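What follows is the residue order along each chain.
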Amino acid sequence: MHGTRILDEADRLMTVCNSCRYCEGLCAVFPAMEMRRAFSDGDLNYLANLCHGCGACYVDCQFSPPHEFDVNVPKTLAVARAESYAAYAWPQALSGAFARNGLVISIIAALSMAAFILGFAALNDRGVLFGVHTGPGAFYRLMPHNAMAALFSAAFLYAILALVMSVRAFWRDIGAPIGNRADGGSIFQAIRDAGELRYLHGGGVGCYNEDDKPTDRRKLYHHLTFSGFLLCFAATSVATLYHYLLGREAPYPWWDLPVLLGTLGGIGLIVGPVGLFTARMRRDPALLDENRYGMDVGFIAMLFLTGVTGMALLLLRETGAMGPLLALHLGAVFALFITMPYGKFVHGIYRFAALVRYAQERRTAA
Amino acid sequence: MSSKYDVLVIGGGTAALCAAIAARRGGASVLVLEGAPKFYRGGNTRHTRNMRCAHDAATEILTGPYTEDEFWEDLLRVTGGQTDEVLARHMIRESKDILNWIVEQGVRWQPSLGGTLSLGRTNSFFLGGGRAMLNALYLTAERLGVDIKYDAEVTDLVIEEGMFLAARLKRPIRGETEIRATSLVAAAGGFEANIEWLKQYWGEAADNFLIRGTPYNRGSILKMLLDKGVQEVGDPTQCHAVAIDARAPKFDGGIITRHDSVVFGIVVNKHAQRFYDEGEDIWPKRYAIWGRLVAAQPNQIAYIIFDSTVVTSFMPTLFPPIAGRTIAELAGKLELDPVALEKTIAEFNAAVQPGTFDHTVLDDCRTDGITPPKTHWARRIETPPYLAYPVRPGITFTYLGTRVNKEARMLMKGGKPSANMFAAGEIMAGNVLGKGYAAGMGMTIGSVFGRIAGREAAKHARN
Chain A
1 MHGTRILDEA DRLMTVCNSC RYCEGLCAVF PAMEMRRAFS DGDLNYLANL CHGCGACYVD
61 CQFSPPHEFD VNVPKTLAVA RAESYAAYAW PQALSGAFAR NGLVISIIAA LSMAAFILGF
121 AALNDRGVLF GVHTGPGAFY RLMPHNAMAA LFSAAFLYAI LALVMSVRAF WRDIGAPIGN
181 RADGGSIFQA IRDAGELRYL HGGGVGCYNE DDKPTDRRKL YHHLTFSGFL LCFAATSVAT
241 LYHYLLGREA PYPWWDLPVL LGTLGGIGLI VGPVGLFTAR MRRDPALLDE NRYGMDVGFI
301 AMLFLTGVTG MALLLLRETG AMGPLLALHL GAVFALFITM PYGKFVHGIY RFAALVRYAQ
361 ERRTAA
Chain B
1 MSSKYDVLVI GGGTAALCAA IAARRGGASV LVLEGAPKFY RGGNTRHTRN MRCAHDAATE
61 ILTGPYTEDE FWEDLLRVTG GQTDEVLARH MIRESKDILN WIVEQGVRWQ PSLGGTLSLG
121 RTNSFFLGGG RAMLNALYLT AERLGVDIKY DAEVTDLVIE EGMFLAARLK RPIRGETEIR
181 ATSLVAAAGG FEANIEWLKQ YWGEAADNFL IRGTPYNRGS ILKMLLDKGV QEVGDPTQCH
241 AVAIDARAPK FDGGIITRHD SVVFGIVVNK HAQRFYDEGE DIWPKRYAIW GRLVAAQPNQ
301 IAYIIFDSTV VTSFMPTLFP PIAGRTIAEL AGKLELDPVA LEKTIAEFNA AVQPGTFDHT
361 VLDDCRTDGI TPPKTHWARR IETPPYLAYP VRPGITFTYL GTRVNKEARM LMKGGKPSAN
421 MFAAGEIMAG NVLGKGYAAG MGMTIGSVFG RIAGREAAKH ARN
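Residue numbers (full-length UniProt numbering), protein chains in the order written: chain A, 1 to 366; chain B, 1 to 463.
Hints in this document: simulated from the structure, not taken from any laboratory. Check before you lean on any hint, since a few could be wrong.
[Stated by the list, open to error] With a cut-off of at most 30 Å between alpha-carbon atoms, the simulated BS3-like pairs for lysine-lysine come out as follows:
1. A/219 - B/38
2. B/4 - B/413
3. B/416 - B/223
4. A/213 - B/38
5. A/213 - B/435
6. B/38 - B/270
7. B/413 - A/213
8. B/270 - B/228
9. B/413 - B/435
10. B/199 - B/270
11. B/270 - B/149
12. B/223 - B/38
[To be verified] Footprint (simulated), chain A over chain B, 3 or more residues, beta carbon under 8 Å:
13. 146-158
14. 165-173
15. 310-324
[As the list claims (entries may be wrong)] Computed Cβ-Cβ distance ranges for the label pairs, DEER-style:
16. B/139 - A/132: 50 to 60 Å
17. A/191 - B/70: 38 to 48 Å
18. A/192 - B/104: 23 to 33 Å
19. A/285 - B/68: 46 to 56 Å
20. A/191 - B/80: 51 to 61 Å
21. B/201 - A/65: 44 to 54 Å
22. A/65 - B/419: 38 to 48 Å
On a predicted model such as this, the values are computed, not experimentally measured, just so you know. Every residue gets a Cβ at the ideal spot worked out from N, C-alpha and C, and that includes glycine.
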């Protein structure tokens with residue numbers, strides 16, 4: 001038996017599914033399951049993170065509730081997945097952050113934004129905080145660039161460190177043989193599978209949401225959110241290069257690359273999360289890990305907040321609202337960074353690692 | 001006043017849905033009455049996974065051609081000639097087009113599943129299995145404007161001189177307990193879940209049968225039709241039965257309760273005696289005989305016994321094998337006489353001849369000097385832990401049905417075709433499948449005759 005109740009249930013289901021196999025064409029989970037006859041904790045956490053939660057196997061299963069075999073793979077793997085985030089969190093002392101994730105994320109976000117507002121107010125006089133600043137270096141009249149860069153680099157590096165340590169523990173647990181390293185081909189395959197959300201597709205017809213009619217809406221909103229996130233990240237990176245390499249200081253004119261990237265990204269980070277949130281609220285509860293409402297919505301909200309405050313800053317940067325908006329935006333981004341290793345953000349990292357492992361297994365089996 | 005449809009379809013599986021879709025596409029107004037609740041809709045289709053269709057060339061998912069003649073020869077062999085050649089050849093010809101037609105109705109194919117490579121050339125598998133196919137067909141039917149009612153049990157059919165007039169309902173629909181229609185398509189399956197009916201032929205033994213499909217396959221429509229003058233076809237005493245795990249639920253255990261480990265061990269009855277050659281022929285050709293064999297044993301129970309060396313030779317099972325460190329311990333857990341079981345296994349082991357084991361061919365591993373012999377794949381059972389699966393007969397479907405012609409039109413006693421009654425699926429499978437079975441045949445019968453019945457029913461209604 002396994003360490004937790006949910007892994008016991010996942011084991012029971014994989015035993016049922018392994019004696020049936022009707023779903024093997026729907027996604028990666030079932031072919032990966034068929035490569036095994038017994039399931040360790042690591043195997044089950046691997047399968048749980050390989051699952052994209054499209055719901056097709058639930059709708060297609062002749063043994064799903066109310067059948068007495070009570071087979072609900074999407075929900076069970078969703079719970080197991082969420083529990084695996086806590087199990088692999090680094091440092092382990094912070095794994096409790098996943099327990100009431102929505103609350104934790106909101107508190108950190110609120111504190112972070114409040115800290116920036118108070119900081120700005122304490123360090124600048126009223127005239128500067130609510131003043132109109134334009135031209136290069138306008139933002140840095142409120143907070144010196146070096147301070148900003150140091151603070152955010154530290155937060156970002158911490159997030160990277162925590163994520164690397166977590167995913168390392170996960171990889172060790174799922175990666176047989178011991179010491180297994182990912183190869184280039186498998187990583188490339190995983191990038192393609194993740195990039196096109198190949199397994200968020202119900203085997204070809206789309207995801208199951210509120211009823212028995214599959215659609216690709218969630219996939220579309222996820223693409224918008226993810227590309228929005230990447231574009232915003234690219235905007236910041238380009239701006240950093242401008243600053244240090246070209247000596248050009250923000251804010252930049254609307255037609256300049258960082259602003260164009262940021263604007264497109266900001267739109268993605270507003271439309272995508274709204275779509276995902278709506279889909280989350282309308283989705284059939286049978287397919288969801290209902291106890292992780294806070295974690296799901298917390299991350300969506302953080303992305304949305306980042307997008308909205310960024311876009312507001314862009315629109316109102318030449319007015320007296322710039323100071324407070326900059327504080328809110330920086331607070332949102334800072335909170336997003338430091339909560340990344342302890343919230344829904346990690347789903348992408350673990351799922352990517354699982355896809356790499358799956359690509360490896362396919363190559364070995366072929 | 002009772003409402004009137006062009007075509008009334010009774011049933012909810014592949015045959016019913018293909019009929020409903022074909023009739024609707026033919027311009028008819030269609031009502032589907034499914035006796036089961038929504039989750040259990042679809043009869044035995046719920047548990048299917050593939051369909052056997054003739055095709056002249058390999059496709060994206062089929063590895064090679066499967067000609068009409070080859071299909072016919074396979075059918076002839078499994079039925080031992082108990083088939084209607086004209087009807088069967090017509091079905092086989094029509095099956096070619098079904099491969100595409102069913103895709104147009106939303107069903108998706110995939111290559112054969114792991115562990116079923118022997119079917120890769122002949123059978124097309126449903127992506128996601130039978131329930132996925134049903135979901136697609138129901139969605140298509142709804143989009144086309146077919147009315148569908150669940151929990152819609154029909155209690156009587158009003159039939160006058162071979163002419164369907166109306167169906168009476170247990171629960172009213174929109175306040176009405178009688179539905180009239182210009183044509184009827186009966187696609188309501190067989191009577192495998194009707195234990196009382198099975199008892200007419202099997203006696204009290206039927207109480208120990210497990211039913212592989214839902215409890216709703218009670219054959220009530222079949223009975224009404226036969227009682228009202230429709231000609232019957234197929235042996236009423238016969239049913240398709242395989243050996244399934246005795247721990248399976250009474251109904252709807254589906255495919256996952258089956259055991260394909262017979263060839264790797266021996267099978268004994270409750271007296272710990274062997275009773276049939278476990279190595280008679282290649283699995284799965286002889287898969288279906290074991291249900292009948294177990295049904296003929298005392299208390300309708302048997303035990304597949306093997307040792308730890310063969311556990312990975314077959315698919316993982318839903319229920320784990322029962323294990324004992326010694327044969328006596330295993331016998332104790334199975335409540336068999338330990339002395340008798342030890343003796344049976346000792347005699348079997350002593351009779352095993354040397355040979356080269358290969359479960360993919362009829363190998364030369366056999367016994368000598370025991371009755372019954374094990375003619376292939378015989379290896380000594382000697383490596384503990386000793387393992388066993390208890391098995392009982394699992395009833396899949398029945399053969400009794402309504403006689404039909406090439407239009408899927410029911411024939412009345414005396415041979416006169418009914419004016420407006422058609423049948424498709426298991427309820428008329430006995431026309432082409434008098435006995436035996438080959439994988440995917442049920443879905444061929446259902447989809448081909450379903451489509452024909454729907455088309456003809458719509459044609460009749462619109463004339």
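Check your understanding: Looking back at the hints listed earlier, which ones does the structure fail to meet?
Key -> The structure breaks hints 5, 6, 7, 8, 11, 13, 14 and 21; every other hint is satisfied.
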